[in-house]
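**Q** Following the hints, put chain B in place on chain A, whose structure we already have.
Chains as they are written, first to last, in this note's numbering: chain A, 1 to 245; chain B, 1 to 285.
These are calculated hints, taken from the structure and not from any lab test.
Where is the CB? At the ideal position from N, CA and C, for every residue including glycine.
Errors might be hidden in some of the hints.
Claimed, not checked - Quick list of in silico lysine to aspartate or glutamate cross-link-like pairs, EDC-like style, CA-CA up to 16 Å:
hint	chain 1	residue 1	chain 2	residue 2
1	A	20	B	72
2	B	178	B	206
3	B	178	B	163
4	B	108	A	22
As the list claims (entries may be wrong) - Simulated coverage check for chain B against chain A, where a stretch passes if three residues somewhere in it have a Cβ under 8 Å from a Cβ of chain A:
hint	stretch
5	2-16
6	104-110
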Amino acid sequence: MKIFSSIGAYLLMMKGMFTKPENFKMYWKELMHQSVEIGMGSLWIVTVISIFMGAVSAVQTAYQLVSPVIQKETIAQVVRDTVILEFAPTLVCIVLAGVVGSKIAGELGNMRVSEQIDALEIMGINTKSYLVAPKILGALITIPLLVILAMALGIYGGRLAGSLGGILPAETYDRGLLMNFVPKNVWFALVKAYTFAFIISSVSCFYGYNVKGGALEIGRASTTAVITSCVLILFADYILAFFLL
Amino acid sequence: MIEIKNVSKSFEDKQILKDISAVMETGKTNLIIGTSGSGKTVLQKCMVGLFEVDGGEIIFDGQNLTQMTEEERKELRQQIGMLFQGSALFDSMTVEQNIKFPLDMFTKWNYQKKIERVNDVLERVELGGTNKKYPSEISGGMKKRVGIARAIVLKPKYLFCDEPNSGLDPQTSMVIDKLIHEITLENNITTVINTHDMNSVMEIGENILYLYHGEKEWEGNNKEIIFNKNQKLNEFIFASEFLRDAKDMRMLEEKGIIDNDRDMDEIMREGGANLVIGDEDKKPE
Numbered sequence: 001m002k003i004f005s006s007i008g009a010y011l012l013m014m015k016g017m018f019t020k021p022e023n024f025k026m027y028w029k030e031l032m033h034q035s036v037e038i039g040m041g042s043l044w045i046v047t048v049i050s051i052f053m054g055a056v057s058a059v060q061t062a063y064q065l066v067s068p069v070i071q072k073e074t075i076a077q078v079v080r081d082t083v084i085l086e087f088a089p090t091l092v093c094i095v096l097a098g099v100v101g102s103k104i105a106g107e108l109g110n111m112r113v114s115e116q117i118d119a120l121e122i123m124g125i126n127t128k129s130y131l132v133a134p135k136i137l138g139a140l141i142t143i144p145l146l147v148i149l150a151m152a153l154g155i156y157g158g159r160l161a162g163s164l165g166g167i168l169p170a171e172t173y174d175r176g177l178l179m180n181f182v183p184k185n186v187w188f189a190l191v192k193a194y195t196f197a198f199i200i201s202s203v204s205c206f207y208g209y210n211v212k213g214g215a216l217e218i219g220r221a222s223t224t225a226v227i228t229s230c231v232l233i234l235f236a237d238y239i240l241a242f243f244l245l
Numbered sequence: 001m002i003e004i005k006n007v008s009k010s011f012e013d014k015q016i017l018k019d020i021s022a023v024m025e026t027g028k029t030n031l032i033i034g035t036s037g038s039g040k041t042v043l044q045k046c047m048v049g050l051f052e053v054d055g056g057e058i059i060f061d062g063q064n065l066t067q068m069t070e071e072e073r074k075e076l077r078q079q080i081g082m083l084f085q086g087s088a089l090f091d092s093m094t095v096e097q098n099i100k101f102p103l104d105m106f107t108k109w110n111y112q113k114k115i116e117r118v119n120d121v122l123e124r125v126e127l128g129g130t131n132k133k134y135p136s137e138i139s140g141g142m143k144k145r146v147g148i149a150r151a152i153v154l155k156p157k158y159l160f161c162d163e164p165n166s167g168l169d170p171q172t173s174m175v176i177d178k179l180i181h182e183i184t185l186e187n188n189i190t191t192v193i194n195t196h197d198m199n200s201v202m203e204i205g206e207n208i209l210y211l212y213h214g215e216k217e218w219e220g221n222n223k224e225i226i227f228n229k230n231q232k233l234n235e236f237i238f239a240s241e242f243l244r245d246a247k248d249m250r251m252l253e254e255k256g257i258i259d260n261d262r263d264m265d266e267i268m269r270e271g272g273a274n275l276v277i278g279d280e281d282k283k284p285e
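Chain A on its own, in the form it takes in the complex:
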């Protein structure tokens, strides 16, 4: 029964976001601040993960393709499609659920426990609109961009691993990238990116905003936000793949 009340509270929080801002300039400033925090704050980890993700993918694909009948270009195709379809949107978003999700839940939880949210409410500010909406919008702006970056870096990581490891020359890799390319895969990846960005930000905001208690509960809310986000991402991943591919 608790899950239904949580879903209800979540939907009420989302509904409460849609009010006229008290001061558009302040809201815009908060949106920009959150976009920078989420985007720039995750840039380094996304870069590292993506490069190594692509590199490992190339090495392991080469390991599995033992038949001389199969062209070396196939390695590049497999790396490209795996990175675009799965690694960049899903794996990167699962990592972002930990990085961004815990940050959002912790920040809002701390604000709740130290009565900063109450202070904003007393001033006459709709905190769902001022605190939650910029985080969700900021995630929707920056996370898909990070996923696009992850795609590019993942594919480059594969090229780097292939050429440095002697698996396949860079020219062969580049040729393979252009073979049998399906543009719809990129569109599918972006649909996943937007969906996962919404899940990460809204779920984390929900748990942080509704913390009751002290430091222990903030930690718990942060952990629950990450776990719930990861589970929902994987579930959405399957649903989207089933219906869109």
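**A** Just chain B now, with coordinates in the frame of chain A:
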């Protein structure tokens, strides 16, 4: 003025406030006192609209909070300033940014005018020059004063303080009390303070509401509270033997039984006022 009429509030099955009625007067420091768990904070949060009451009305100078739309409440809240128990300063902002925040949100003033107002309120709370410090870099008393500055920056009509002396030493507590009282008088605002600090009650308690287990048990002022006849209130105020003796001394002084320091010293040497309380006319030998 704020009128509380028959306010009740429950959480799940537990009734926290039971049919409370009181008037918080304009231009006065109105205190809500009681033991921990008596419902002081819940009552104050009901008054500012953070909690919805289950029954009753809360009227701000003729405007009924319980019947307002969300938009009307927002407008009313812009006339309210609140100091929280933990100050509730925004950690990521400097002192100046904290105080400027309501001005940024609700005024169309230019930057210079906002900074002038910020500096004015900082001078008023005797924290001039701390503009660029962060909340983590200032003491507890300073945080409270920044909280007060932020609460009054928009010149509110109503000021709420939730245990403003919590965690402060007695000397700093007196400074905070004096500041709140002076601001109340200067601006003729309605100030409501939650406290269980008896120093505050005695110093600035112009209108006192005592809650006991969620009910209004006593109402009066700081002159009436010393010699009140309410047993529960007396057990709350005079919890320590020291204060009980102090009260008894005061009674004897008022009745003229003790009329000089020599009599006082003798009584203290003999172990306090207990010696004479049984027979008020008996003087110490």
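**Q** For each hint, tell me whether it holds in the structure or not.
**A** Hints, one by one, checked against the model:
A hinted pair counts as satisfied when its Cα atoms are at most 16 Å apart, and residue 20 of chain A with residue 72 of chain B qualifies at roughly 14 Å. Our distance criterion of 16 Å between C-alpha atoms is met by residue 178 of chain B and residue 206 of chain B, whose separation comes to about 13 Å. Note on residue 178 of chain B and residue 163 of chain B: the hinted pairing holds, with a Cα-Cα distance of about 14 Å set against a maximum of 16 Å. For the hint linking residue 108 of chain B to residue 22 of chain A, the alpha-carbon distance of about 12 Å falls within 16 Å, and the restraint holds.
For the stretch 2-16 of chain B, the stated coverage by chain A is not satisfied: 0 residues place a CB nearer than 8 Å to a CB of that chain, which falls below the threshold of 3. Beta-carbon proximity to chain A at under 8 Å applies to 3 residues in the stretch 104-110 of chain B; the threshold of 3 is reached and the given coverage holds.
In terms of the numbered hints stated before, the structure departs from hint 5 and from no other.
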